[in-house]
Amino acid sequence: MKKRHSFSLRKRQNRVGYLFMTPWIAGFLLFTLFPFAATIALSFMEVSSTIRGYEIRPVGLDNYVTAFFRNTEFVPALGEFLMMIVPYTFMVVVVSFIVAYLLNHITRGRALFRTIYFLPVIIMSGPVMWQLLDSQTVIHGMALPDDFDSLFLLSILRSYSPAFANLLSGVFRQLSTILWFTGIPVVLFINGLQKINPSMYEAARIDSANEWQMLWKITMPQIRPVALISTIFTIAQLSTYNISSVYNLIRTATANTSQGLGFAATYAWIYSLLVLLLMGLAFLIFRQPRAKEVSLP
Amino acid sequence: MRRKPAWGRIAGKTVIYAVLIVISFVYLEPVFRIISKTFMSAPDVIDPAVQWLPRTFSTDNLKVASRVLNLETSLVNSLWFSSLLAACQTLVSALTGYALSRFEFRFKRFWFMMILMVFIVPLPVLMVPRLMMFITFQDLTKIKMIGTALPQVAMALLGQGVYSTVLILIFYNFFNMIPGVLDEAAMIDGAGPLQVFYHVVVRLSRVTVLVVFLFSFVWNWNETYVTGTLVAGTIQLLPGKLALFDQQFESLVSSSGSAFRINEAYKMAATFISILPLIGLYLLVQRQFIQGIENTGITGE
Chain U
1 MKKRHSFSLR KRQNRVGYLF MTPWIAGFLL FTLFPFAATI ALSFMEVSST
51 IRGYEIRPVG LDNYVTAFFR NTEFVPALGE FLMMIVPYTF MVVVVSFIVA
101 YLLNHITRGR ALFRTIYFLP VIIMSGPVMW QLLDSQTVIH GMALPDDFDS
151 LFLLSILRSY SPAFANLLSG VFRQLSTILW FTGIPVVLFI NGLQKINPSM
201 YEAARIDSAN EWQMLWKITM PQIRPVALIS TIFTIAQLST YNISSVYNLI
251 RTATANTSQG LGFAATYAWI YSLLVLLLMG LAFLIFRQPR AKEVSLP
Chain E
1 MRRKPAWGRI AGKTVIYAVL IVISFVYLEP VFRIISKTFM SAPDVIDPAV
51 QWLPRTFSTD NLKVASRVLN LETSLVNSLW FSSLLAACQT LVSALTGYAL
101 SRFEFRFKRF WFMMILMVFI VPLPVLMVPR LMMFITFQDL TKIKMIGTAL
151 PQVAMALLGQ GVYSTVLILI FYNFFNMIPG VLDEAAMIDG AGPLQVFYHV
201 VVRLSRVTVL VVFLFSFVWN WNETYVTGTL VAGTIQLLPG KLALFDQQFE
251 SLVSSSGSAF RINEAYKMAA TFISILPLIG LYLLVQRQFI QGIENTGITG
301 E
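Residue numbers (this note's numbering), protein chains in the order written: chain U, 1 to 297; chain E, 1 to 301.
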């Protein structure tokens, strides 16, 4: 009797659960899973739109050959994207951790600072970013690199590796634009910091650890999962803003239906694979290290 | 009982505040730049001596920018467009969050993983087939899809709108905080699952519903990639007009035949106009916004 009851309850739970999940699952299959698979398939096809609809013809690796060897824009754009996203993500995650860490140490004015740091989340959009970056390069385009060149450290760097120095001054120049991506990571980090068990700090303090040691020995290891989420979030955000040139390349390829959507699919697939690889890399970096075996005396 | 503040402590606090204030300025610098350029008169813009404060205050830029943006139409369009999508997204996120929070169905963990995975799939990889699907559908049924809000409404209603994952997680975590006995009590009184969902759960989470709606509103407002591909400028929306500002400006000027030249101030004024509604909204409900992100609970799992 009892067994039957629990069985029917489980069945009911299952049924009603799926009832509420249906819209999402349907959308997932139709608008996410299917397009994802289709893009991979389309990257090996040539798609031409006719009056009777789409005509799809397999062309093998032709699209890839075109993307990598015939087209002279794509590979440099990918390189440029990598040169942008790696330092930017690093900056965003580090800065948002520092900001959150500092905010966690003060009580007065915390809400105000948080409001300021969160503002970009609300107003940031592709066109706004574009206008801001555009105006920055127009106004300061000539003046700023020299400004940073006068920094002693940077001029030393430039004599060793001009590429790295350029990268660094690029990061400096767009500092506030980069910082705009820290809005949500800051909130996540603050939340994560507050969830760290305070008795750990107390125990460390009793063993006369200082703030610096506690930061490295307690806070950093504890915050690792949040750092992972923030990194993945930042990569996801940065890769969908039109500040990267690959992104614009894909956009024009998608809009340009005459050239063939198969080609756009190839671009999109290579680009997305790269983004997913970067996320995978972040996952490996922040992965929880295997717990060391501690032998109790 | 508080310890007496030692000098080292005070110095430490001062350094922290100083650093935070400096960072705040770096954050706000673009906003200040937008505002200051917006109100500059034409001579001020080219004058290198004028840095932040305009010498002569002028609203000319705003007038020009709002004409180029076609403000009345695009503002109204942006408002209903974002609200419509936000309403759809809020509804479906609530349903999904409720399912995850209350029911033990088969493969629940799998679906939860999929919801998280959707977040990291880069959008460009989905857009080409989506576009083809909508065009094919349009050709088959003769219902106009491309250039209308329909494709995005369909996607939002089926849970694949902007940052759906985050919205679902906000609901999921909030529903987890509502005690399940309330549902059970209603069910004993003969309420069906949908009635429980609406009369008990949704009514208890009005604030959450509002927060999710506002987030969705803001994100849909700012979203330009999917909108740009599917609506393709047919519905005039503020961010879309901002993206095309330079071209629109040129065409407007050449048609009127005057000797206007585009400058930074016009562009900044246009940017100002397009973020102004959002800033207003943020000032009203900023606390709820921040708490909304905190309540996603993605830091806890």
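Just so you know, the hints here were simulated from the structure itself, not pulled from any lab data.
Where is the CB? At the ideal position from N, CA and C, for every residue including glycine.
It cannot be assumed that every hint is accurate.
To be verified - Derived DEER-like restraints, expressed as beta-carbon distance ranges: (1) E/D60 - U/Q222: 47 to 57 angstroms; (2) U/V86 - E/Q288: 28 to 38 angstroms; (3) E/V76 - U/M220: 29 to 39 angstroms.
Hint numbers contradicted by this structure: Hint 3 alone not satisfied by this model.
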